[in-house]
Structures are given as structure tokens and as C-alpha cells.
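Participant: If you want the building blocks of each chain, they are given just below.
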Amino acid sequence: MSTTTSVDSGDEIKALATIRRGMQLSPELSKGLGVTLLLAVLSTVGQVVIPIVVQQTLDRGLNGPDGPDTGFMLRMGLIAAGAIVLTSGASYLMTARLFRAAESGLATLRIKAFRHVHDLPLLTQNTERRGALVSRVTSDVDQVSQFLVFGGVMMIVSLGQILVATVIMVFYSWQLALVVWICFAPLMMSLRFFQQRLSAAYGVVRQQVGIMLSAVSEPVVGAAVVKAYAVEARTQQRIDTAIRANQDAATKAQGFTAFSFSLGGLSGGLANAGVIIIGIWLGFAGDITAGEVVAFAFLVTLFVSPVQMGTQILTDAQNAIAGWRRVIGILDTPADLVDPGESGEVLPRGPIDVALVNVSFAYPSGPTVLHDVSMHIEAGTRVAIVGETGSGKSTFAKLLTRLMDPASGEIRLDGLDVRNIRQDSLRRSVVLVPQEGFLFDDTLRANALYGRLDASDDLVLASAAELGLADWVDGLPHGLDTRVGQRGESLSAGERQLVALLRAHLVDPDLLVLDEATSAVDPQLEMRIGRALERLMQGRTSVTIAHRMSTAENADEVVVVDRGRIVQRGPHASLLEDPDSVYAGLHASWVAQQGSTA
Amino acid sequence: MREGFAVLGVAIRREPWIFTVSTLGSVLFGALTVADAWVLGWSTEHAVIPAFENGEIGAGVLWAVFGLFVGVAILRAVGIVARRLGAGIMQYRMQAHSRREVTRQYLDLPMEWHQRHPTGQLLSNANSDVEAAWFPIAPLPMAVGTVAMMVIAIVQMLLADVVLALVGLLVFPVVVVANVVYQRTSSPLMTRAQQLRAEVSEIAHESFDGAMVVKTLGREGEETERFAERVHELRDVLIKAGRIRAMFDPTISALPNIGVLVVLGTGVARVLDGSTDAGAVVTVAYLLTIVSFPIRSIGWLLGEFPRSVVGYERVQAVLDARGDMAYGAATVEAAGAGADLQVERLAYAYDEEQPVLRDVTFGVAPGRTTALVGATASGKSTLTNLITRLVDPDEGAVRIDGTDLRDLDRGELARVLSVVPQTAFMFDDTVRGNITLGGDFTDDEVWDSLRTAQADGFVAGLPHGLDTELGERGTSLSGGQRQRVSLARALIRRPRLLVLDDATSAVDPEVEARILGGLRQNGSDTTLVVVAYRKATIGLADEVLHLADGRIAGRGTHEELLERSPDYATLVNAYEQQAAGETA
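Residue numbers (this note's numbering), protein chains in the order written: chain A, 1 to 598; chain B, 1001 to 1584.
Here chain B stands alone, though its shape is the one from the complex:
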């Protein structure tokens, strides 16, 4: 229960004004509910009884009756609006706060953290956990508002008869005990339920993401089973939690009634031995029934606590996640000639037993082109991830213009370096938006970059040209088209260091040749690092690094390596050898 209040405390501290307004609304509502009874009494006394006795009534009195009832009703309506709208605004504001915090954290946390956390789960953290955390805000003002009512009632009870009042008030500790028991039994279930909600969302997300594979292999049935298994588990947990809730709710409702019966029993005994009079018993019993409504509304509030606490903790776990990349304060020149890249004794392992890169050292002088060539799984992509600082090395350093990447200020690296990854990622935006990414570029610049990326042709053919929406992940484009848009995104930034990670694998050789030609034609002196297999690409390089098993197995020009290294020759000449083998 304490954790539940703590969560609410966070919300109240964050939104004190709106909380005050909605609570005042609730108090107003409560006060006017009492006033309603008073108006009815007044009307009886001043209108109904005199009218029936005298057989006549003045219009003024009737207007007064009308005015009082309607006036109270209007004020009460104001109270309701203030309470409900206030609670709603507070709840949605808190949700928005949490969502902003959580998503900021997603943006801050390093790649390595993202690789460990499934998309579906992160979506669930930002959605259903946030919702669960702030759900009790809705009944909060009502509960707080009725506390005032409760306090007044309790004082009156004590004034009427202390002993009877104390007997009646025994209900409260029992309510607290009932709550503690409820929280204890249902918290583990709620924790499991939120976890399962996340898993359900995770499976749905993954399965819809891989919809094409599911279809091609006819695995719809098995996928549905996999989903159904978790859904059924969630169902069972919720039903179990429901059964506990089903016990808790009537208990909370019955307690005040039981209290009244006990008060009556005690009251009779006290009236019989003359310690109190019947009027006091009536008062205490009546007040106790009045108190039963606040107790219930507080019960509703407390009933939401387990789910809220669990949701809050899950959100908090994301917010507490550490492992942010550390940034220094150094800056680099954003414009100008190619950057100088130095890679020193780099080592990296995803898994301690199997290092992916070992002792990799090389440099790329400004304006030069280096090709990274190696068999599948030789460590090329990891190397590009280190050069672009998506991950930090276990040992060694990557320096740009002599500065260790880890010493650069946040966002500095992106000003000099652009990377075109193996798998092009498209934002749910227009072609233009996907290229500029919000940067300040003219349409001419966009078209220039599209031309160099050999994408101007198909973009011009799109229904709305640059303004064509690409849809989520750019699914309306083919793989090769996405790669070219992704390339244009890098080119428009005129980076001083451009890293192409097998970025044209889905593009026809002919188109690829034109792209590569264009890269160097514009008189650009960008430093270029390319991961490539095709000889046309490799041929552009001033130097080739041959990677094998995470080490540099050879370096030199393409011709030198062909001569020196049989492994290298076998790797890059595979097509010709195949062709030669066929014709021989």
C-alpha cells in the first residue's frame, strides 16, 4: 500500500495545481450532496408543510425551491466537471510525462542495451505499463474528497458516543488489513500479468514483422499457437487475479454494514444498562452508513494499487537503466576536406570466448578510400559499428582527426561521419524527410544526392515525388530502392568520412557502377571506407584491408593482395573462377 501511495505522491508533486482543482471539485461535489439533503429539508419545512396546511403558497417560495434545487445541482455539476476533467487531465499528463521520459531513455541508451531488449517489450513499457502506473489517478480526487466527508462523520460519531464510535471505527483497521492481504496476494499476479502483456505484445510485434516469412512457409497456424499460449497464460493469470478481486470488493462493501450491526448490538447493551441513549446509537449507526461510501471509493483506489505499482516499477526499470555512452567535450571540424581515421589495436567480443575483432590497426589518410574485404562473418560489420561508434571497443581506440571517438561531444561524430548500413532503415516519413532527417537542405541538394545515389529516376516516378510517404520501414520500396535512398541520406550531408557497409548489395551491378563512379566524380575529397565484395567497388580503393577471423590478414592495393594472398584471390575471384570452371 505504501508503494501505491508513493506512486500517487509522485503524481501529486508533479501536478499539484490540477490535483488541487480536481480535489476541490470533489469536495464541492461532496458538500453539495449534503446540501441537497438540506435543501430538501428546507423545502419540506418552508414549502410543502405550510402549503398543505394553508392550502395556498406564494410564487416567491416556489421560485426559491426551484432556485435552491437547481442552484445546488449546477454547482454540483461544476464540481463533477472539475473533478473528472481534473483527474483526466492529471492522468493523461502523467502518462505523457512518463512516455516522454521513457522514449528519451530509449534514445539515450546504447545499441548494446537495445540489442538485449525486444521491441515489443519496449512498446509495452511505453504503453501499457505507463497506463497501469497512472491508472489510480482517476479515482484519486474522489477518494481524497470523501476523506473530508469521513473526517466530519467520525468527529460527529465521537461526539455522540465515544465507546460506540470506537466500536464502529474498528471497521477501519479491518479495512487496512483486508487491503494488505489483497495487495500481498494480488501483487505477484499483477506483476506476472504485466510481464505477460509485454510478452504478448512482443510476440505480436515480431510475428507481424516477419509476416512474409510466416506466409511463405505457411506457419500461420504455429505462430497463432505461439501467440495463443501466452494469451492463455495471461487469461489464466487475470482470471485468478479477478477471483481475488471478487473476494476483496464485497469484503470492503460488507465491512461498514457489519460495523453497523456490531454498533447496534453494542448499542442495545449500552442503552439497556443506561450508559447511552437510543439517539446516540442511531446517530453513530447512521454516520457509519454514510462513511461506507468513502470507504468504498477508497477501496476502489486501493484496488488499483497493485497493478499501478507494478507498472510504475517496470517503467522505472527502464528509466534506471544505465549504460549510457559517455561523451567527452571535444569537437571536430564539420566542414572541409576528408577526415583522418586511425584505428589502433582494436579488440571487440560479443561473447568472451569468441572475440570478433583482435588487434586491428590501420589508418585512412584524408581523402583516401579503403576497402574492407573479408568472408561473411569475418568481423567487417563489427568494425564499421566501432568506427561509427555504435559500440565502444573492449580494447584499443578509434580516432578521427586524432581525437578518440569517446572524447567527442554528443552529436559531434555525426557531423563529420555518415554511414550507410547493410540493411537500410526507412522512417515513416516522406522521401524528402528520409533524406534530410530534418536537416536544412534545399530540394536541389536533395535531388543532387538522389542523382549520385542513382535514385532520382525512380523517385521522380513516385506519385508525389519527394513528398511521397514511404510508410513504416519504407515497405513500399524495394530493397535496392531503400538502399539508394539510404545512400542519398548519407551523401547529402557531405560527410568528411563516409562508411558504406555493403550498402549496394541489393542494387544491380550496372546501377552500382554508376553510383560508385558518381561518388568520386564530384571532386569530393571525402575519406571513404567501404565494405565490399564486388571488384568494381574494390577497384576504387587506394588500399584494401583483407579481414579474416577478426584480424587483418593482409593489406595493400587490390593487385598486391591478389598476388600475395591466395586466400584473398579465391575470395574476390570466385565469380571468374566459377565461370572459368564452367567453360573449361
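Just chain A, same shape as in the assembly:
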């Protein structure tokens, strides 16, 4: 199985395919589109009818052969007024519907993309820049919305006008209509060339926005380090570079836009000249009158302006499509941890029996971290995993809790392959407490309840008491209502770990995996929590990635990992029997360190 670590850039998706895919993902966009288009056509009626009516009124009403014809003018005035009302009404309905369809559709797209980010493999989430991911569900979508509500209909209206103008031109003189089209042919052909350039240029723009956001997030998230090391100037310089790159990319894209737009005007001039010259020549052949040539020249303007408008919108569209593509790119990145869903297995409650069968794992383009590991943990036992930093201990924890799937081999919980277990069942029964427990910018209560929303305050406080944390909670300024700050930064690292433990305890899991979960709390508290955890582990299976040998000493069984392999396992006492073993070495250095000054 190959593991992807980067989000699909979506670069290879073609413009039309992007729009088709986008419409599919947001069904709201195509719902009622027919009516909206009809309204769009109606709203253009006014643009054609009103000038004609005014022209007629002036020619035949005001300058009539017998002086002003008030009756005719009144009739025409009423027609014009009717046309204005119709056009305005249609235009209002069209725009309102368009906003509704576009914003609803894009809201759906945003939510789908957001959800998909959470379904991506942990590795992909970690490699991808946060700012870039955020920009895909925020500014990229905004870009699409701006285009859809302003450009979308204009484009359709322009196409309609081009069609109508062509029909009228052909009606006057098919030869001259051909001349006009030939004059515009280079533009139409070069459009494709420009579209590709523009598409690439705007792709770069959208990408640069993501990079810029990442750069901006650095001094915001890492404010403390930036300040402590006084590296403001360097940080600013890095941001300035990103801002500059973004500005340059946008300006370059704008250059293409301007040039491609100006081509429309050039073609218009060419067409006008062509119509006059070829018209005269046709006149010599007797195919056309002078009046018709002049009238035709006016028709060309009717053709040129929508073409220009169309080119402009088409170029603006590239920016939107580039954004759309990036959002779709997220959805096209495979979520490798596939939830079997309804058809999946459900873990029975009660302590879980764990088995690893020939499990290997390697990070993409990295060395193999676990080599063909097989192990069985009986239900209800407490296992400690020890080993040096980088020995593969944490990978172990992530595989057990299915944050990642093994490259080969199988992990079985109660005999079921984890890949076949429904996610909701798995997350209900198996909990990992990581070393750095992330907290949300909310109250302590909300963070504790994160894994179990329905728990009452009493239950939260009781759980805290069981873990020996009652004093700590009481000591906080507002108890459970204390706000923890962004990423929990109002609390110390140790306190964040306490919240993460409380959170896990409330879930009441059947398999508890602790990955150095108390490394930052003080020894006294850690010991107290350790004792509490031992009580809690009764009736559950637990796997503890241990950083203190005291944890290992109390486990039913110790598993020693060294360079991705299990080198020893058994109870603490028996492992110490061989003084040359890896475990004995680890233990000796721990004891030496503890005892150094006691």
C-alpha cells in the first residue's frame, strides 16, 4: 500500500472538468439553474428593447412627419416602462437566486472539504501546511463564490448576445458575418493559449496565498520563540518574501489578463475595417447596398462588446477555477484510513485482546520504523513499552489506535482486523493519550468533555477526583469554567497533559494507550496519577509507552523495543535477570540518574 503525504494540488484537472466536478460536489449549483438562466435572458431583453424603443420614440414619435405624435409616444413609453420593470424584476430574481445557489453550493463544498481534511491520513495532515489547508476551505472558496455570483451569469449572457448578434448579422449578410468571424478567429484561437497560461498563472497565485498564510502564521503561533530570540527581523523578512511572491504572481496573472482582454478590442477594429472594405467590394458586385454596410458596421459593435465582456470574464474565471481546483484537490486526495461504515464490525465492550501479526511500518521515503513485529497482548493486561527515543515506540501507539495503517501485516483487536472495525466503535473503545494533548480554545469543561459530550459536571469532577486532580481543578481561577486559551496555552504543558488524561478517562475506553502522557507533570503528581491510572486500568487492556522505569516496574509485562524490533518481553523482574540486556541497560541508567543525589 502506498501512503500519500501530500494533498492533491489538483493541477492536472482541466477547467471544464473542474467546473463539472464542482457542480457535482455542490448539487445546489445546478438546482434551478434553468430558471435562473431564463431570468438571465429576460433581464437582457431590456438591454436590447429599451434602446430600440427609445430610438423608435425619437424617430417616429417626436420627429414624426406631423410633429410629435403623443399617442405613439405614450404607447412606446408604456412599453419601455414595462420593459424596465420586467428587466429589473428578472434581474433581481436572477441575482438573488444566483447568490442563493452559489453560496449554498459553496457552503456545502467548504464543509465537505473540511470533513475530508479530517479523514486524511495523519501523515498528510502533518506534512501539509496548516495555512495552506485553511486557505483551501476559506479564501479559495471565496474566490469561486465571487466569480459565480458576478461572472457566471455575465458569461452566459455574453454568449447569448454573441449568438443573437451573429444571427442578426447573418440575416443582413452572411458574407460579412463570415468576415467578422474570420477577424475574430485569431482571438478565439489564441484564447486557448491564453487560458492555459492564465490557468497556470492563477494556479501559482492560489498556491502563493497558501504559502503566504503559512508564513504569516509563524509569528502568530510561535510568538513566544520569535520574541525570546528577537528574530523579528528575520521572520518579517520571510513573510515579506512570501508577500512579495504572492504580489508578483498576482501581477503576472493580471498582465496576462490585460493582454488577452485587449485582444478583443484589436479584433473589433480589424472586423470593422474588414466589414467596410469587403462591404464595398461586395457592393461592387451588387450584393449589398451602402445603407446595409453602414448598418452592418453598427451590428459589429453589438458583437464586439459581448466578446470583450466574455474574454474578460473567461480570464477572471481562471482565478476562480484555480481556487475551485484546489478545494476539489483536497477531496481527490485519498483518505487512506477508510471507515468500513455500516457494514463494518463492532467491537464488543470489555477488555480488548490485542494482536500484532507481522506488522511493518515505514514513513514514506524514510527508513522502516517497525520490522515484522508480532505480539499478543491478552485482554485485561497492563503492558509497558520501553525503548530509546526513535526506537519506534510512538509508531506502535499510532498503529494500535489506527491513526495509521501498517505497510504490511495486520493489527487485530478482539480478533478483528482494525481496518474492518467501524470508526465510531473503534473510537469509542480505543483511546490514545498523546504526549502533547492538543486543547481547544474553550473551557476546561468543554475540553474534558471532548470525547464524551453527554457527561455531567458531577461526572467530570468525579473523574478528576479519581485521577487525583480534584485539588488542581479547585485551584484554577474558574474551576471547570476556566478558559484554557489557544491550543491550551494558558495552561502549562503539564496541565495540558492532565486535561488530556481527564478527557480519556471520561471516554471510559476498553483499550487505553498512553504515549508518555504524563511526561511534563511533577513527580509527585505523576506518581499520584500513576496510582490512579492503575486502578482505572482494572478491567481494561492498557499499553503505556513509558519514559519512567517506575511505570515499567508496575506493568504486568514489559516489551522492550529496539530499532524497530521487539528484543525482550516479560515481567520487569525477569527482564532484569540478564545484566547485559537492553532493558537492564535502560534500567541502570534510570536508577543512576534518580539516585545521584538522593
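By construction, these hints were calculated from the structure, which means they are not laboratory data.
One or more hints might be untrue.
If you only want the chain A side, here are some residues facing chain B, beta carbon under 10 Å, derived [said to hold, decoys possible]: (1) E388; (2) K398; (3) R427; (4) T443; (5) W472; (6) A520.
Backbone N, C-alpha and C define an ideal beta-carbon position, used for all residues, glycine too.
Place chain B on chain A using the hints.
Facilitator: Just chain B now, with coordinates in the frame of chain A:
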């Protein structure tokens, strides 16, 4: 509307040249659009009609026709390029200006401000608010360019018939009123929309940051709901704003047409009573239709104002934020022996009712090591934040070599002090970049510091060694590895005062022992302040400060404290007591 123009005024004052160029481009474009009509008239008169009458035409005339049309078209294309490219350059320049200003402000504002402002919101200020603020620059030159066209048309109207012209020009005050109504109704919605955009970005940022917790607890569904709630609110606000826009746009388009009808009606009456002739009515009506295009393009401009003003104000709010740390002018010796640290009667509270530190006084003599020991939440981290001046004390002072930290010039403290925080922060850079932070260090120095931090082994094993990119927040490293890189970052600076805030908590005890050994071995006489729990670390200290409830509960050597303070003994001997309890 006034605020909208004020925002544009800022842009024009900032970029007068490029604005002039793009406006001239727009004027050129407008003038040549009129010229096009003239060329068509000329061609009709000098080529088409004579040709049809005479049945022949000279090649010279045909060339003239061709040349005129194409020449005008080329010039007009130049106008378009100047206008659009100019507007684009101006818009992107203004965006870049604002972004630089905003991010400079982020770097200037103190920690305390940062703690109050969520990351997602700050990202939104630098991105979507800046974009919104300068969005009207795009249609600006077009609108300004057409004003010229409008003025000419209005003058001609007045010359034709003053009364009819005035009737026709009634359109303008109505346009203004329509705009005022539009701004009034849509501004609150736009304000809410930008706010919601920021909240959406905030939730996305936080949620992606905590992706692992979301996954481990299977909370994807609830997270999506939380996000969806705001997204739906944003959607509803935008749809509501869209409905108002949907009313505004056709109104602006219809007004000139209504004006023409009114002019015609009035005109007929005036022609009938002989006050004017039909020609004047035609002229005024025709000119009014010409004016309708500028009115629309100005309408587009005005239509963008509410969003622009809101974005600008949100950006301005960041720029106006005060609370910058004040700096003095004092300097300190950057090189040399350990620094002298004095902490005097320090008090600090995040929350008035619950002081975190009270009356903390101690000193660390040059080259000595002091360990801060205390239970979780006893105030140790706050104390290190005060010593490193991430925050300023409510009372008391921290002095380095006798100088109050608040009197030091900006950047001075960092020249003598390095801190290794509890949670290591990695920049999106290479290993080398993360250690040097742009400072002037040789690779040998980098490797030396990595060796002392016990990080040389794993760094050597990375695919590109020092040049390995660590990714955003260094997610490719483990917690312990990040701590060691962070430690190397501090060590390479050979600080005269080094503060380690439980900086090796994620490192194995064995590795930690080697790190601590290395710190003192190199004959360094750095003054050292360590927050620690492990006895091996505490054992290195010349003096131990026992912190409890924000006060110094005891001080002395480790042995003295063990003897004197049962609380201290319980705290640091927890592991042995546990072990003893098990074996007993």
C-alpha cells in the same frame, strides 16, 4: 460612501503614479471608444458612399480606412492594458503594503495581545480583510475615466436645453440616495460576513491543528458540525447581502432609462408649447443613455464599498492596537562571563483574583545554576516568562547585570539570554535554519551545539542532514527530537544566561543525563536557570528554589531542602517513594 472614498483616497495617496497611469489608460480607452464612432462616420462619408456612388474606389482610401480602424484599436488596446494592469498593480501593491504593516504589527505586539487573539482570526486579518479593503481599486480607474466622459456629456446636455438637462440630471441625486440606502442596509451584513469569515478560518485552523486529537477521539463529525454551523451562518448572511445587491444593481441600471423616459415626456410637452425643438430632446435623451454606462461602472465601484470599508476597518483595528512593550535605551555586554540575574519582589496575575506569583525575590550570581522546583501550576513557567520578558511584571523588577529588563533596548535581552521553552516551536525551515535562525554561525558551530544537545546522532541520520526541511512546526520530528533541536538553538548562541523551562521532558533520562553533563563540561560559565523535576537535573544546581503557590517556599541546596522541607522531599522523591512502597 464617504468612508469608501476615504479608503480609496488612502490608496491613491500611496500609489499616485500608478493610479495616474491606469486612469489615463482608462481615459484613453474612453476617448478612443468615441473615436471609433468618428472613424465609422468618416469611413461612411469618405469611402462607402463615394464608392457606391462611383462604383470604384482608390486603394489609398481603403488603406486609410484600414489604418484608422486598426490604429484606433491598437491605441485602445494600449489603454486597456494600462488601465487593467495599472489597476492590478495598484491593488496588489496596496495588498502587499497592508500585509507587511499587519504582520509587522503582529511581530511588535506583546505576548499578552497574542494570547487574546486566535490564530485563525489573525490570518483572516492578513488575508481576506486586506483583500476586501483594496478590492474597489480594480474598478476605480474605469470609474474615474468615465467621469470625464460624463462631464462632457453633461455639458453638452446643458447646452442643448437647460430645463431638459436638469430633469435628466435628477437621475444623479437618485443614484446617490440609492447608494446611501444600499450602504446602510448592507454594511451591517458585510461587517458580520467578514467577522464570520474570520471565525470560519479560526475554526478551520484550530481544528486542523488538533487533527490528531480529533482523530483519536473520533470527533470528526462534531468538528464538521461546529464548522458547518459557522459556514451556514456565513452562507445565510451572504445570501441576504446578495438579495440587497440584487435590488441595488437593477435599480442603478434602470435609473438612466427612467431618466430618458422622463426627459422624453417633459420634452414632448416642451416641444408642444414651443419652448424647445425636437433636436434638443433627442440630444439630451441620447446623451443620457451614454451617461448610463459611467453611472453603472461607478455603481460597481460603490457596490464594493461596504465590504471594502469593513475590511479596512478590521485591518486598521490591528494596526491601531496598542500595548507594544516599551523599550529603554540601555545595552548589555553580549559576550563574556555569565550574567548576573536579580529578581526583586516580583508579582504577577493573569486574573486579578488569583495571583500567580507573589513577592518573589532571588538572585543568581554569574556562572551559577539555580533550579526552580515546584508542583505543576506553582508558577514556574510564569516566572520564566518574566525572566525572559515575554510579559512584564505587575510589581517588582527583573534585572540583568543590574539593569531592569524594561530599560533595555529592543533586541538587547536576546543577545545575552536564551530560553528553551517547555514546548519546542519549530520554524518551517531546515534543521540549520531552525538552529541559526539566520544568525552567522558555521556548520561546525551548528554541529557542536547539536552534539551538546545530544541531537547530532539523529540529525546525521536525516535524509539531507542539516539541510533537511522540518516542515511546518517540525512535525516530521518526535517531541524529544524537537526539544533537542530547540536546545541546540539556545546553546549555539553561547548565552550568558540560559533558561531551560523543563526543556528535556520528552527526552529519555539517559539522553537527558548526557545533555546535562555536556552543558557544564565545555567550561562554560553561563548562568543557568532550570525548571526541573528530575533529580539528576536538580543535582546540577548550586541552589534550588522551591516554589509553591506562587511564592518561594524554600531555598538552599538540594540536600538542605530535603532535610528542611517535607513538602519538597515528597515532591522530588516521589519516584523512590513509589518504588519503596511497591517493594515494602
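Participant: Does each hint fit the structure? Answer for all of them.
Facilitator: Hint check results:
no.: 1; hint: E388; in the structure: holds (6 Å)
no.: 2; hint: K398; in the structure: holds (9 Å)
no.: 3; hint: R427; in the structure: holds (2 Å)
no.: 4; hint: T443; in the structure: violated (14 Å)
no.: 5; hint: W472; in the structure: holds (6 Å)
no.: 6; hint: A520; in the structure: holds (5 Å)
The structure is inconsistent with hint 4 alone, although it conforms to all the rest.
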